[in-house]
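Protein chains in written order, with our numbering: chain A, 105 to 373; chain F, 3 to 166; chain V, 131 to 593.
Derived from the structure by calculation, the hints contain no laboratory data. One or more of the hints may lead you astray.
Some but not every residue of chain F turned toward chain A, in silico, with C-beta under 7 Å [claimed, not checked]: (1) Gly-24; (2) Ala-45; (3) Gln-46; (4) Thr-53; (5) Ala-60; (6) Leu-65; (7) Ile-66; (8) Pro-67; (9) Glu-69; (10) Val-70; (11) Ala-132; (12) Gly-135.
Ideal Cβ positions, reconstructed from N, Cα and C, are used throughout, including at glycine.
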Amino acid sequence: MLRQVLLPADVGAAVSTLAGDPTAVLVAGGTLVMPAVNTTVTPIETLVSTRDLGLAGVAVERGIARVGAATTLTALGNHPDLGFLRPTVASFASPIIRNLATVGGNLFASQPYGDLAVALLALDATAEIAGPDGPREAPVSEVLEQRVRPGEIVAAVRFALPAAGTWRWTKAMRRRLNSAAIVAVAAVVETDGGVVSAARIALGGAGSRPVRARAVEAALLGKPLDEASVTAAASLALSEAEPFSDAYASAWYRGRVLPVHIRRALLGA
Amino acid sequence: MRSQVINLTVNGTERELLAKPGTTLLGALRDGLGLTAAKRGCAQGGCGACTVVVNGAAVPSCLIPVEVADGATVETLEGMASGQHLTPLQQAFVDGFATQCGFCTSGMLMSASALLAENPAPTRDEVAVAISGNVCRCTGYAAIIDAILDAADRTRAVGSAAAD
Amino acid sequence: MATTKHMSPIDTGYFSDERAAAFDVVGTPAPRSDARGHVTGQTQYFEDVAYPGMAHLKMHRSARHHALVKGVDTSAAETTPGVLRVITHRDVPNNWYTILRLIGVQPDDEPVLAEDRVLYLGEPIVAVVAETEAIAREAAAKVRVDYEDLPAVLDVEEALKPETIVVNPKHGHNYFTYEGHHCRRIRFGDVERGFAEAPHRFTHTYQSAPIEHAPVEPTGCVVKPEADVRLKIHSDTQACYFTLDNTALILGVPFNRLRVIGGTVGGGFGGKVDVMVEPIACIAAQLTNRPVKYVYERAEEMQVSSPRAAERITIDDGVTDDGRIIARKVTILVDAGAYSRHSPYGTTKAAAHMPGPYTIPNVWVDAHCVYTNRTPSSAMRGFGVTIADFALESQMDRIARALDIDPIVIRLRNAYRDGDMKAHRKEVEGAALVEVMQKAADLVGHDLPADCRAMSSTHREAR
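With the rest of the complex left out, here is chain A:
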């Protein structure tokens, strides 16, 4: 049962509280932690709020975006230098949730939630992590796979802005607005001389965490970005994906539509 809510004034204080108290949990927007606190029996006794840690804010310099972990999804989606992400962020949850939910918290959402984590994986983002042993960095892919160590806090994520026209995002939903992903596809696809020169494709709804579609990426390299090669490459996604069943869709359905949405993400149709 919850016994205290702390608002440490700096990251160091938050880290030492979290490191010293196994019942303590970091809370940013509250969209993941508070449903559990409000409606279930949890081992959480202490909430450590990010409110006063100064972790919110977006800075874009020389083509690199640094997004503070406590930046809300609304602020991320509205940032003038991140226009490519605007429609992507608009497909996440609803405005009232985006006003609370944070960039850092999204890395800890369980699938099919955590659309931004899918996008960050495709952007090959790096997480800046504060912890009891000092700061470190880790690829977002590693954070999604291994989470963080006790006492650690994701302070920010960093990624290079994709070249103009290379960002792709498709999210299949049960409703047009405010629904979790059946599948989500994020990609950065670069072409050179009419053929794909680089591709990073990340999938949501295709496993217990967002995953890279490495086989699809490999199959696209050197191929034209057309219906035939994309369809052939997308069919390989199923070899790596482990779609699951939940209230939104069955594993069968997710698997069935995954290649379709990869094609739609890459070709727009």
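Given chain A, put chains F and V in place with the hints provided.
Chains F and V only, in chain A's frame:
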């Protein structure tokens, strides 16, 4: 388990209350301050019935530990009308039959008022997006969207009349 | 007052000879009496009531679909600081009831709190009353129940097999008994003769899933013991008198000892006509002499509040070349779940709704109210009728397609008219079905042949 003194500016008035750990902003408004317009529908951010405006942003108040809201400016539906005088938004909901059971209405109005404060002339789609976190199970979305658009028209009409 | 832009005028052209000249309310907007309260936040729902010293109730629920309860250990819950009272079936004066006993439906087949067995996942077993919701929730989770699993019956057809285990011992078999019969039956004309005369036969089965109402306001109540020993019940029930009477019978007190304050419901849709929270909250208030709040968590609302019943409906039709149905045989299996609630009534409604709004000379209906180990189903918006209509109208479309007949035309040819005798021996009055379909065809620009244009609900044309 120590209670904490929380200060909020609610509907323009500074309020102080004592809250136990585990109290959400919603609980503080309802049980601490007796402001029951915001409703508890799911306690997990899924229904939007508890939506209030905190520091200018419409948010589900059930997801905010009240300690985190300490010092915040909070607007609830109780503060919308001035006395008996309804705002154009409220009047549009009445005239447009945009309420049925009424349980989602408070959250709908708070999401709508945050939208109109930022965007006085929204498109139909922008209105739909703005209330997409607010669930209505009486299936009244069409009337609600119409009413919010109607409110925007009425507000603009009042504004342009004043400018003449 | 301002009228809304999307409200079109009511067409008063039809049946003008049946319309009294002074009737002018329909078609005239009138403001809702509750709208001002809703838009100012002043409407008072049950949970907007708070009393000093209010305690909170949470339920320990069955973790099994079907099991014998061999033992219940409440000691850890009782010793949790802040717990005021732990309540088991032994604390319930009259533990067995069924909601519709008020209109003579029997047997009382459902316990307020489970005794020696649980029949569905989430069935209430032990209630915990505590100083706060969090303490009540934590203590309820500490209750230990020793189960001996029984086979779970999760399909209506399996339930009706003679070798299947009996789900609800109060019935002795897995169906509700209607006046000595194993189902609600309608016999009208001679379907076998109709089938023999029909050149076409169409047999199809339709299946629905349970549907949850998901009201935004969860089911709940606040009960306050009054100084005059009465209990004041603030409830979001859709049926104040169902609640009052059933609660009094369960408590074993005269009806005048209870006062139900209701009528403001934050979405019901039929989901709030069962009497689930008030009796146990009243017992908790009596035992603790404290105001008690018992409100479902969202997860409870989804898991244990009764849904619309799943139905399996088989329709067997004998049809002429021009699409007239001359025999319709219908078997309806209504999944009541573990207990009756409103399903015996809903099943009767489904039977009475057959064969749909069509005049068919030979009709045979068997409507079974079937018990399974699923969440008890109950009322929801036109229950018994809605799924029946899904089946009937799907069947009409399939027949129309198979015989290459316009789907509106086939419905017009079979439409019931004023004065026709329906299968359950009720004469049709005020049907208006023909005119509604003609108007609907106009609105979507669908051409109808002249004979269909000439049809009327008030008199049958010569054939």
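Going down the list of hints, with the structure as the test:
| no. | hint | verdict |
| --- | --- | --- |
| 1 | Gly-24 | 4 Å, holds |
| 2 | Ala-45 | 4 Å, holds |
| 3 | Gln-46 | 3 Å, holds |
| 4 | Thr-53 | 6 Å, holds |
| 5 | Ala-60 | 5 Å, holds |
| 6 | Leu-65 | 4 Å, holds |
| 7 | Ile-66 | 6 Å, holds |
| 8 | Pro-67 | 5 Å, holds |
| 9 | Glu-69 | 4 Å, holds |
| 10 | Val-70 | 5 Å, holds |
| 11 | Ala-132 | 6 Å, holds |
| 12 | Gly-135 | 3 Å, holds |
Consistency with the previously given hints is maintained throughout, with no hint failing.
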